[in-house]
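Let's have the full structure, built from the sequences with the hints guiding it.
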Amino acid sequence: MIPELGHFALVLALVLALVQAVVPMIGANRNRFALMAVGRPAAQGQFFFILVSYVCLTWAFIQSDFSVQLAASNSHSATPLMYKITGVWGNHEGSLLLWAMSLSLWTVAVTVFSRHLPEAFVARVLGVLGWVSAGFLSFLLVTSNPFDRLLPGAGEGRDLNPLLQDPGMIIHPPLLYMGYVGFSVAFAFAIAALLSGRMDAAWARWSRPWTTVAWVFLTVGIAVGSGWAYYELGWGGWWFWDPVENASFMPWLLGTALMHSLAVTEKRGAFRSWTVLLAISAFSMSLLGTFIVRSGVITSVHAFATDPKRGLFILALLVIVIGVSLLLYAWRAPRLGGGGSFSFVSRETALLGNNVLLSVASASVLLGTMYPLFLDALGMGKISVGPPYFEAVFIPLMTPVVVLMMFGPFLRWKDDDLLAAVRKVVPAFIASVAIGVGTAFALDHVTWRTVLGLALAAWVVLASIQLLAGRFTERAGAAMGARLRSITAAWWGMWLAHLGVGVFIIGVTLVGSLNANLDVKMQDGQRAELAGYTFTFRGVQDANGPNYDAARATIDVSRGERTIATLKPEKRLYLAQGMPMTEAAIDIGPFRDVYVSLGEQVSDGTWIVSIYYKPFISWVWLGCLLMALGGVFAVADRRYRRLAAREAAVATNQRLA
Amino acid sequence: MLADGFVKTLRALALAALFAASLPVTAQQPAADPGLAPAVAADPQLEADVQELSHKLRCLVCQNQSIAESNAPLAVDLRNQVREQLASGRSKGDVVDYLVARYGDFVLYEPPVKGTTLLLWGGPALLLMGGAGWLAYRLQRRSRELAATAGLSTAERQRARELLAGNASSSPESPESRS
Amino acid sequence: MKAKFLVPLILFFALAGFLAFGLTLNPREVPSPLIDKPAPAFRLARLDDPASTFALEEMRGQVWLLNVWASWCVACRQEHPLLVRMAGQKLVPVVGLNYKEVRGDGAINARGMALEAETAMAVERARRWLADHGNPYVLSVLDIDGRVGIDFGVYGVPETFLIDAEGRIRYKHIGPITPDSLQQVILPKIEELRRAG
Chain A
1 MIPELGHFAL VLALVLALVQ AVVPMIGANR NRFALMAVGR PAAQGQFFFI
51 LVSYVCLTWA FIQSDFSVQL AASNSHSATP LMYKITGVWG NHEGSLLLWA
101 MSLSLWTVAV TVFSRHLPEA FVARVLGVLG WVSAGFLSFL LVTSNPFDRL
151 LPGAGEGRDL NPLLQDPGMI IHPPLLYMGY VGFSVAFAFA IAALLSGRMD
201 AAWARWSRPW TTVAWVFLTV GIAVGSGWAY YELGWGGWWF WDPVENASFM
251 PWLLGTALMH SLAVTEKRGA FRSWTVLLAI SAFSMSLLGT FIVRSGVITS
301 VHAFATDPKR GLFILALLVI VIGVSLLLYA WRAPRLGGGG SFSFVSRETA
351 LLGNNVLLSV ASASVLLGTM YPLFLDALGM GKISVGPPYF EAVFIPLMTP
401 VVVLMMFGPF LRWKDDDLLA AVRKVVPAFI ASVAIGVGTA FALDHVTWRT
451 VLGLALAAWV VLASIQLLAG RFTERAGAAM GARLRSITAA WWGMWLAHLG
501 VGVFIIGVTL VGSLNANLDV KMQDGQRAEL AGYTFTFRGV QDANGPNYDA
551 ARATIDVSRG ERTIATLKPE KRLYLAQGMP MTEAAIDIGP FRDVYVSLGE
601 QVSDGTWIVS IYYKPFISWV WLGCLLMALG GVFAVADRRY RRLAAREAAV
651 ATNQRLA
Chain B
1 MLADGFVKTL RALALAALFA ASLPVTAQQP AADPGLAPAV AADPQLEADV
51 QELSHKLRCL VCQNQSIAES NAPLAVDLRN QVREQLASGR SKGDVVDYLV
101 ARYGDFVLYE PPVKGTTLLL WGGPALLLMG GAGWLAYRLQ RRSRELAATA
151 GLSTAERQRA RELLAGNASS SPESPESRS
Chain C
1 MKAKFLVPLI LFFALAGFLA FGLTLNPREV PSPLIDKPAP AFRLARLDDP
51 ASTFALEEMR GQVWLLNVWA SWCVACRQEH PLLVRMAGQK LVPVVGLNYK
101 EVRGDGAINA RGMALEAETA MAVERARRWL ADHGNPYVLS VLDIDGRVGI
151 DFGVYGVPET FLIDAEGRIR YKHIGPITPD SLQQVILPKI EELRRAG
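The listed protein sequences correspond, in order, to chains A, B and C.
In terms of this note's numbering, the first sequence opens at residue 1 and continues consecutively.
In terms of this note's numbering, the second sequence opens at residue 1 and continues consecutively.
In terms of this note's numbering, the third sequence opens at residue 1 and continues consecutively.
Keep in mind the hints are simulated off the structure, nothing from the lab.
On the chain B side, residues computed to face chain A include the following (Cβ under 8 Å):
| # | residue |
| --- | --- |
| 1 | Gly35 |
| 2 | Gln65 |
| 3 | Leu108 |
| 4 | Ser143 |
Now the stretches of chain A that chain C is said to cover, found in silico as 3 or more residues with beta-carbon under 8 Å:
| # | region |
| --- | --- |
| 5 | 287 to 297 |
| 6 | 309 to 320 |
| 7 | 369 to 375 |
Just so you know, even glycine gets a beta-carbon here, dropped at the ideal spot from N, CA and C.
Listed below in structure tokens is the structure:
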């Protein structure tokens, strides 16, 4: 009964999505306020029904209703409650419903926070979002119905994939979806601007907070996913350039370019067609990612079970949404106009360079991900493109981005003197190179990557300090408090986010260069030594869980005299699927992780233990967190709220008039 | 300015040295200590080589993992092959050739550089040059437009910069009339 | 000026075209680089008489199939009746390569097992399975550790190789042989090779 209710709610949601897609657009074209006003309630109603549908599906999982096909394949009566709830999105249909719900949530947010925007504009935005939503809801209903029944119902479910029965599963997918689905708002804003033929600084200012918030979600979502892989897979890897990972990374790269491009369009009116194209591309990459995961065209550890019919449907969705957008772009973008002019040496140029570089980086990742398909389709053989390729290509591309990232803020808008600007940064630049080389020597690890990584990180840190000092001394003579207050939240946001990149680079470089690993056969009382730490094996006990059997080892970790931690790695066997899993034990520290993984039992009492030393790995995620925090600061800038209030007053007056 | 930079460099180097000293160096397992657990690998250097090579080879029965990461039977078999061959003195290139002869280019995660992959390896550089070229072209056009329209003369521009930098001279030059 | 704005659309359609075609492909299938190359030589113990061996070159002069199988392989059971029927009709000689019979079975931990013990176990299991399901093979050889399999580029079971009279691999079939693939691909190729030879 409840699953059928959920199914019906989905149909109602589709109807409302279609209404939301069509009616406000017509209203905007004909300037009929009554039609435009349909947008908001339609969007909110749609969200209500999708939510009902989602709750019904979750109910089936919680109640272990194995007459619902999805619950039978992805849950088990003994699965812990938390993983019954999160198991809803651990499969194709459920995660697609989550996708639709995220989109709907963003749409509702637009309806709420858009009172200060012109009605016609909001109507068009909601219309675009309605079309995308209708597309996904149709996809759900036609090819991927989450509420399909399994008759007769299964006696017991097959349980959720053990790899997914983990706290990471609770946060990673929702955050990730809020991220790259969130770029749909920037996309809708861009399409609305193209449709209306008007694009000014106001449009850019409206788009910025939406884009930044989506970007923050995506940054955290990707970081959490990476952290999850790190502790889940048992050997400390944290990024694999897997097609699905790339599918989330490309929108991130383009989203970063978009944020910066919007800043220029707002402040200087320039880059309009670039910004629109970036907004379309970022969301297109999100859609492409959805296709890659679910169509079976490309192999990936993240791929869902595939079906060519589904692949075809998503491809059609992709072609319609992206094709129409790019057609609209080709038609209307030429009329958008140039905007403010700027000279060869200016901050605009630096940001344009940033746009180009990030787009090239994104295109390169796309090239690498798609190339095996290209060759296979052309009958020219079958190859694999993996981490060695991406690392070889990505690092050289991102190096100029990082250099420019810290040089740009030293440049003035519109016009600057190259020599003067360069002179400002030369000391920091030289110091960075010196630090890079010097530290690499001190660490006895002089490789290109180590030197480059450390030099870039030093560049970011030194230039950040210099920038901050510069802002501080700007109001020379004023009190400390006044000086601090003169630095806006937006500026802090930029500063923090850029610093976060530097912190990230430190983490990546040091863990890549200095990590150590030791695999030993241990018996009770035996020790192993790695990186100055001593690991003493204290035996293995049974530690069975609700839906698994496990062997848990106890290992004391000490450094010199001091005991640092007692780690308890486990080797589990999940009963329903008979799948073995390893649960690593990690001692997390600000400057290193000590990571221990339990292998197989070679003979009675002797176990293989894998020990890893990972210096500065937390800095990888700390850097991401700083970036996200920077984004939050940028959005929180009072400027938006002040302007929004002013615009709301104007809009209200217009409506009453 | 340079002195400032010099001091900064020294400070930074000192910090770097301090920080480097805090990082422990990787330790070797000393021999002949009964309390010390034996390494799984008889030869850690060989094992390190096996690991490094294994990260570049694809597990053919997995959903996109290297044979270093996977414990599928074929992955284990191939790792053993790699270990045996490296131990018998063959070079990494030989081992790679051996596997490619049997499984094709698909087994390599680092795509070989051949005719069909020229676009793959050259693509990013081409894109970068294309992007840079386009950028240069657009900026040239803009600055030509800027110069063509009315603007400050070079002298006026210089004066404006001086004023902005707070270095205004006591007697202002007479500004040329704007066209 | 306006044409450049169409570039993104054109690029996208090219990409979409590839993606559409990609839907018809199988990204996990590994094509064999050994086609038209000499089959790797081997000499392995025979299933019917483990004390004696059988070498690849003993099949010179014939067009034949090498079928990779194991008793633990579920998909092999799909093609087995077809192989038995083929043997009954004497269409083409089929030699079985029994692949990792003991250590390939997930339920058995063969670590530490002596080679003789593992071979004996493999012989017993394989013979029993063939007795139960029928024996379509001219003979079977035992690839206990899977090395010969690696030489042939085997990455899954079952796989079947078509080898010509000069000992060159002419075709590799991945997965169970189906009546369709037999009629439309394998038999015609065998005909062709026999006519040429």
